[in-house]
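There are 2 protein chains.
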Amino acid sequence: MIVCPSSCGGSVEFKNGAGLDLRDADIVVAETSTLPYAVRLLEPGKIRIFNKLKGGLFLAAVPAKNTGHVLQQVRDVYPAMSAARNILQTSLQNGNPVIHPTITLMNVALIERTRGDFDFYHEGVTPAVGRLIEAVDKERVAIGKKLGVEVIPDPELGVLQGYMKEATYDDGFITAPGLAGVRAQSSLDYRYFNEDVGYGLVFLQKLGEQIGVATPVMSAVIALVSLLMRRDYAAEARRSMETLGLSNKNAKNWRNCWLSNRLSLDLVVVLDLVMKESNCEGSIQY
Amino acid sequence: MIVCPSSCGGSVEFKNGAGLDLRDADIVVAETSTLPYAVRLLEPGKIRIFNKLKGGLFLAAVPAKNTGHVLQQVRDVYPAMSAARNILQTSLQNGNPVIHPTITLMNVALIERTRGDFDFYHEGVTPAVGRLIEAVDKERVAIGKKLGVEVIPDPELGVLQGYMKEATYDDGFITAPGLAGVRAQSSLDYRYFNEDVGYGLVFLQKLGEQIGVATPVMSAVIALVSLLMRRDYAAEARRSMETLGLSNKNAKNWRNCWLSNRLSLDLVVVLDLVMKESNCEGSIQY
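Going line by line, the protein sequences match chains L and B.
Per numbering that gives the first Met the number 0, the very first residue in the first sequence carries number 0; after that it's consecutive.
Per numbering that gives the first Met the number 0, the very first residue in the second sequence carries number 0; after that it's consecutive.
What the hints contain is simulated information worked out from the structure, not anything from laboratory work.
This one's a predicted model, so the numbers in the text were calculated from it and none came from an experiment.
We put the beta carbon where it would ideally sit given N, CA and C, even for glycine.
Wrong hints could be hidden among the right ones.
[As the list claims (entries may be wrong)] Output of the computed footprint for chain B on chain L, the stretches with three or more beta carbons under 8 Å from beta carbons of chain B:
no.	region
1	111-122
2	220-226
3	234-243
With the rest of the complex left out, here is chain L (with noise of 0.2 Å):
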């Protein structure tokens, strides 16, 4: 079972939803950091696919220790993929909480008036959005740096990913080949807000605020999409660190273990010092 794409926990939200033991190995369940495709539905039945990933696609097993068996598995068909360290690692390096959000943010009255009736990324992205778009990704870096594990900033692996063909927060989506003609949505009751808002960024910032990272940049987005939208994203909470289960009692026992002496540790290690509610010492056995 692949939870493709993960966006922030997947993977161990869907083992969770099925009752299986998230230290159970048997049952092979893992998660991609995004999808192997850009792909649009045109109408039922048809598909435009805008690029296919040549790179940048990244996989993590729960537990991590069957990372290496799922690739095996996919590997004739998805040579692209490769492994991460972690499901916090795919978790993290899925864009687009960094880029949906403050592109939309930045087009706000244009979607609206319009319905959505220009290219996303040509034309919604200039100078000053990219510098948005930079400070988000920045803060999430931050995030994934905090945790010890590698986040690609967007543009890199949007080169990777044969989507852009320079990795900067401006030119590089504007000019990108594989983002060319990707409309804005006909409203702002979509995704871009309610999922990249709702489930990731919201993620994130309560992440960051968990382990002490600081996300000025994410809050001051939440604040004003949650206005623009009439809900309250930040209090829905609809995907953390708490909803995961990785947020109990023991949190911050486990966050001082693992923060200070353990930070590249597998996710698997700290479910496991969570779950069974010891302290750092033993039951590292992954």
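Mind docking chain B on chain L? Use the hints.
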């Protein structure tokens, strides 16, 4: 001498700059809440007047006991001008910090891409933009309420002034006859951010903080605009109660006295309290 328009303590700034005692009533200094005209320079020596205000235009002198005297002097030219309680009312009633930054922020990409080739109000305002304007306006009205001065919500003022036909935050602007043809700025590096955020919103946000009124939406707007413009407007604090000399080491004492007992007192009484470093007792002579 009339500072026209004031925009956040302009007459205090003037008196300070000219070395005049704020309590000096001999040299008559006053300020208006906004300009008597909506006007744009077309070319040197040629202007276009969109609207001559029909009402909703306030004046206050420093000290306020001069207000009636000043109004008499200008009555024949500007019969629509009426007395404000004090300069806090004229400062807060200026709508520019409420409407300019919010509409600009929601049109960032379009302004940069087209160099402002659209109608700022008739095309730049949509229902979601209206919700953002409303949220900032409500924070401004709340600041006024805490200070004991009435602040008329922006669309209601727009109707009084003759700009708008309907007192709403979306259609009110979109259909306003007095705002027809006002084009957007050709660059983000313009007074709609540099003045109306750098001076206006920062002034309001800090004033709110000083008197205990929450302004989370203003703060989010300031944060994002600062990022877009690569300037820390909040840190620059070009205009604040502090730069006006109204937030010195006795501010706490002043605030306690004022907020608990004398919300509706003339600002000059407050100034007097601050400047004499006195406590609540005595010194009320205006």
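Hints and how they fare:
1. 111-122: holds (count 3)
2. 220-226: holds (count 4)
3. 234-243: violated (count 0)
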